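Q: Each chain is listed here by its residues.
Number of protein chains: 2
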Amino acid sequence: MTKNLTPIIEANNKYSKEFDKGDLSAQPKKNLAILTCMDARFDPAKALGLEEGDAHVIRNAGGRVTDDAIRSLVVSHKLLGTIEWILIQHTDCGMQKISDETIAKLLEDDLETASFNGKSWSNNNAQSENSKPGSKEGHKINWYTFSSLKQSMTEDLKIIKSHSLIPSNIKIHGFIYEVSSGKLIKIEDYK
Amino acid sequence: MTKNLTPIIEANNKYSKEFDKGDLSAQPKKNLAILTCMDARFDPAKALGLEEGDAHVIRNAGGRVTDDAIRSLVVSHKLLGTIEWILIQHTDCGMQKISDETIAKLLEDDLETASFNGKSWSNNNAQSENSKPGSKEGHKINWYTFSSLKQSMTEDLKIIKSHSLIPSNIKIHGFIYEVSSGKLIKIEDYK
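Residue numbers (my numbering), protein chains in the order written: chain A, 1 to 191; chain B, 1 to 191.
For reference, chain A alone in the conformation it holds in the complex:
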């Protein structure tokens, strides 16, 4: 049992003892799906007031509309009846502070966690004796980094709206989550 697992198992014991939601349907009650970033600071259920059973929640690095996000969204609508989707990306996103090329270069050097000094990224050479060898495989990956939040939101909303497997009658909204304030801002109102 690791330092992290012990409190998680304790919390889950408590949660399951008080659990009274065993008969919820797999179909989201609100016919709603959220696509957002994996960022630790954002708790979609708390920030949007959602309960267990209300909505699908899809999350990846950046909250980007990747092929896998499309797979999940199509499953969400076609098999489980969601008809309204909300895309939420956020301020201070790690994927906005780095380029695909830099990620690939950092991974080529070693696989240990790199450092960001507020301006640029570097590997921690002090760790190099113990560090795992790097890999060139990172050059083959689309990391979905972005330079403008409004632009990435606009492009991603466009991909969803024009996709051949997504019907045009699905309601699609875009919001930006401000990590400094906990506020959701409509993409049209974001400056």
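Heads up, a few of these hints could be off.
Intra- or inter-copy, both count: the list cannot distinguish identical chains.
To be verified - Computed list of lysine to any residue pairs in SDA-like fashion (alpha-carbon distance at most 25 Å, straight line): (1) Lys3 to Ser16; (2) Lys97 to Lys150; (3) Lys29 to Glu188; (4) Lys186 to Ser168; (5) Lys186 to Met1; (6) Lys21 to Tyr190; (7) Lys97 to Thr154; (8) Lys136 to Glu84; (9) Lys30 to Glu52; (10) Lys158 to Ile9; (11) Lys21 to Phe116; (12) Lys97 to Pro167; (13) Lys161 to Thr6; (14) Lys105 to Glu137; (15) Lys29 to Ala45; (16) Lys30 to Thr2; (17) Lys186 to Glu155; (18) Lys30 to Asp20; (19) Lys46 to Asn13; (20) Lys30 to Leu5; (21) Lys183 to Asp23; (22) Lys30 to Pro7; (23) Lys46 to Leu157; (24) Lys183 to Ser25; (25) Lys46 to Ile9; (26) Lys30 to Lys183; (27) Lys29 to Ser181.
Don't read these hints as lab results, they were simulated from the structure.
This structure is a prediction, so every number in the text was calculated from the model and none was measured.
Given chain A, work out where chain B should sit, using these hints.
A: For chain B alone, kept in the frame of chain A given last:
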């Protein structure tokens, strides 16, 4: 404003008014990442006792180790310092009740939500007059359906552990979430 958006915006106004977590770091406090399903019934933060700032949460249809999940996990470790990952798939998963071939066939017919009668899937022909035309594109997609939960967990854990961009010193755990009880069950203990 849709029926869903109104209460979400109200809940977010309340959340942001009481918000006192504006100085959290992008690096998860517990150096932890969770990979799990988008299922509406599962609230990872509540079920595992996690607070804002604690852990990355990556979610897709099935909680499968797709290429995009690997992208997110590598970003989580290499750029944001997570060193412990938990893979959580769950009972009664939609992805276990259908095959890749059936999803593709349903989509070829039309893009409207299909029905499951407890045994098999079918498109709702009654809706066909208004339904959007289907698409053959679904045949090109790996939908990541699975027939055995224990097998999908075992295979997915293996993909993570053997991946060239993932260092071997990351602690990796597998749990199954039981939607009927709210309980997390270690993969080794699941029957």
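Q: Hint by hint, work out which the structure violates, then give me just those numbers in ascending order.
A: 3
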